[in-house]
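Residues per chain, in single letters:
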Amino acid sequence: MKNKYKASIFFLFFIFCFVVFYKGLNNPNIYTPNIKVKKNIPLFKAKDFNSKVYINSEKIFDENKYYIVNIWASWCVPCIKEHPLLMELSINQSIKIIGLNYRDNLNNAKKFINEYGNPYTQILIDSDGTLAVEFGAYGVPETLIIDKNKKIIKKFVGPINEETVQEIKSIIK
Amino acid sequence: MLANQIGYYSLILGLLFSFLLCGVSIRDFNNSNKRVNQNIFTLLFLQLTFVVVSFLSLILSFVNSDFGNETVFNNSHTTKPIFYKIVGTWGNHEGSLLLWILVLTLFIFLFLVKSREQPKKYRILTLLFQQLIIIGFFLFVLTTSNPFNYLFPTPAEGLGLNPILQDPALAIHPPLLYLGYVGSSIIFSASLAAVTQNYISKKWGQHIKKWILISWVFLTIGIMLGSIWAYYELGWGGFWFWDPVENVSLMPWLTLTALLHCILVLERRTALTSWVVILSITTFTLSMCGTFLVRSGILNSVHTFANDPARGIFILIFLFILIFLALGIFFLFHKENKKDLNNFFWLSRESSIMVNNWFMMYFLSVVLIGTVYPIFLDVISSEKISVGPPFYHKLIAPFLAPFLLFMALGPKLQWIKSKIEKKNSLIIFFIISVVLTFSILKNITVDFLFYTILISAAFFLFFTTLKKLFSKKFINVSQVIAHFGFSLFILAILFNGILSSEIITNIKVGEKYNFNKSEIFFKKIEEKKEINFNSIIGHFRITNEKGKVVELKPEIRIYNQPEIITSEADIKTTLLEDKFLVMNIVKGDEYFNIRYQIKPFMLWIWVSVLLLSLGGLISLFKNKYEK
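These protein sequence lines map, in sequence, to chains A and B.
What the first sequence shows, in this note's numbering, is residues 5 to 177, in sequence order.
What the second sequence shows, in this note's numbering, is residues 62 to 688, in sequence order.
Read the hints as simulated data drawn from the structure, not as lab findings.
Treat each hint with caution, since some may be false.
A short list of chain A residues far from chain B (calculated; beta carbon distances all over 10 Å) [said to hold, decoys possible]:
hint, residue
1, 59
2, 89
3, 120
4, 126
5, 155
Examples of chain A residues toward chain B, derived with CB under 7 Å [as the list claims (entries may be wrong)]:
hint, residue
6, 7
7, 11
8, 14
9, 18
10, 22
11, 24
12, 25
13, 27
14, 28
15, 29
16, 56
17, 110
18, 111
19, 115
Heads up, the beta-carbon is just placed ideally off N, CA and C, and yes, glycines get one too.
Start from the sequences and build out the full structure, keeping to the hints where you can.
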């Protein structure tokens, strides 16, 4: 009797696991978390992609503009997909796009930029992924919107699409 | 083109033989004849032959660069050296699954040949369960990942093999890992068969131990090779990143290690039977679960070759069919042998093995939760999180110290009932360990108390096993070597973590860079041409504070197909430390960006893992069991 009880618990547990995994498979890979408290951008020091000089975060976000922080890597396939949209956003003069090159090989990253274009006003190197953690990132790609008060107001996990671009544009207006 | 056809039809024939084998086995199962029907051996041999033919024809397609084959087209190129053409066969999703089937059929054939002393019904049932797994994989390959899809018109050139995969370590890493994984499938089938036949006994324990050791040794070396590859090819400057892919290989290793220790009890007397069965089931389930997590695209990683949800769903359903089958069999047939189970004193070798089991289960749950929790959370609350190294370090490290102490003391206990002997030498060793750790750590600025406890425990295990190693009585050599290897492993990674240092700077030819009384001198640049890449080699001379000189030649490779630039680190390995130098091009500039790392005791990490597997190997080839 006791055995039957145990067995049914086990079966139920594994059925639950199955359902979770099944749903996980079909989950879309883009996601917009709710940001209830607008967080300040973290203070950090990061190496610039081109000059290889360390820059303070205050200096990066010093203009009275909207900033977009985009976390990307050359090995990340979805990053290639969202890149044209970033290029489209980069035409807009009222925003600055900062690229955070996440756990990447520098040469591959350069190759990536040469091939797909450079939408970023500045690229920071995050070779061990700690900077992305500072920003509370979940993975690559990820896009954060920072308002004029230097607060993170929106976050897009996964590659951005046409809809997100419209949303970003409406936020900036 | 012909090879392609042969490969495809051999694969289908292999599947047909599976069905035939099931039919013949079921008929033979009820036959009163004491011996297994000879036809089964013939059929099994034919099945193996067809899978081998299929695999060889895929290799042939790769060697001939037959781009009419979709797998070859996606993963090879005419300019690849022959070695990487062959290696490319299993460097992709489809080919690696074919390799998986090859190992599955090979192992069950060997199992049947090598188990002649075992009861007939048990052997046939094992064969049936194993064929079930094989059929699952055949269907998976044929329906979702056929390696012999052909393209028309035939493309003139292939897309090329990912350069990070063009590496000798990667040529043997997947096959070895698969031998480990698939070995666990035999343990799975055999334990299910033994449960239904109520045959979980001393005799079964002695017989299955060999298979457990085989998969354990292969799994250990397979994981190590993957780690070596990540160390010098990914260039992240470390050997373990707690990446989901690494975790899924570690999880079956933990359960297999626990199983290995349980079987030491079972081969003496019928005890811990539930543990043995459950661990056998979990080990294989975790291997399959790893395949699912890595191949379905539910987690993104270096190993996610293609993101095809159909594949994920297939493996998921297959995995759960196996889980439910195993659970059903376990609950229906397994009878706990009550009178024997708790028949050992609290201070005995058996109870120390139980302690080991619980430690392993703890480590397993930490790794398991870290790996799957993000998926669960995502589905249930659509919140996303990522779990990084600090999570694992925080949860594992505190339990490592008592675990090491138990590892040192456990083997000193007698079976069934014991008291600790030779207390004096143990106390002396303990004091030496603490003092030694203290004197080493006092000059280093680290989290002092934490590291003192951890390193003392590791030293304690190190000394106690070292003493055993030099005592002339060769009792339990395999265990002593394995435990010694483990203490060395922990010491090496701890000191590596504490003492590593790194310099990153930009430098041009002819320039010198000075740091802490050391100097890096960039002598010159050399260019070279190979068939599949061009390379730029930097010549560096590094003088350390004692005036010792090392020459390092890191390389930048520009692969032609696909056009990718990779940095090859130059690593000088000495007994005490690795000197690791990588360089990168800084665009439009004569400067190169270099990263110079000193990583102490890297060599010892690999050596200790080899010692660990050597322990397993010795145990495998030793006929008499340990005292």
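Okay, the hints, checked on the actual structure:
1. 59: holds, 15 Å
2. 89: holds, 20 Å
3. 120: Given that every Cβ of chain B is farther than 10 Å from that of residue 120/A, nearest at about 14 Å, it holds.
4. 126: Label holds. Min Cβ-Cβ 15 Å, cutoff 10 Å.
5. 155: holds, 21 Å
6. 7: Check passed: Cβ of residue 7/A comes within 6 Å of chain B, closer than 7 Å.
7. 11: OK, holds: residue 11/A within 7 Å of chain B, min 4 Å.
8. 14: Result: holds, 6 Å to nearest chain B Cβ.
9. 18: OK, holds: residue 18/A within 7 Å of chain B, min 6 Å.
10. 22: Interface hint status for residue 22/A: holds (5 Å vs cutoff 7 Å).
11. 24: holds, 5 Å
12. 25: Constraint on residue 25/A satisfied, holds at 6 Å.
13. 27: holds, 5 Å
14. 28: holds, 5 Å
15. 29: For residue 29/A, the interface hint holds, since the closest Cβ of chain B sits about 5 Å away, which is under 7 Å.
16. 56: holds, 5 Å
17. 110: Constraint on residue 110/A satisfied, holds at 4 Å.
18. 111: holds, 4 Å
19. 115: Holds: closest Cβ of chain B sits about 6 Å from residue 115/A, inside 7 Å.
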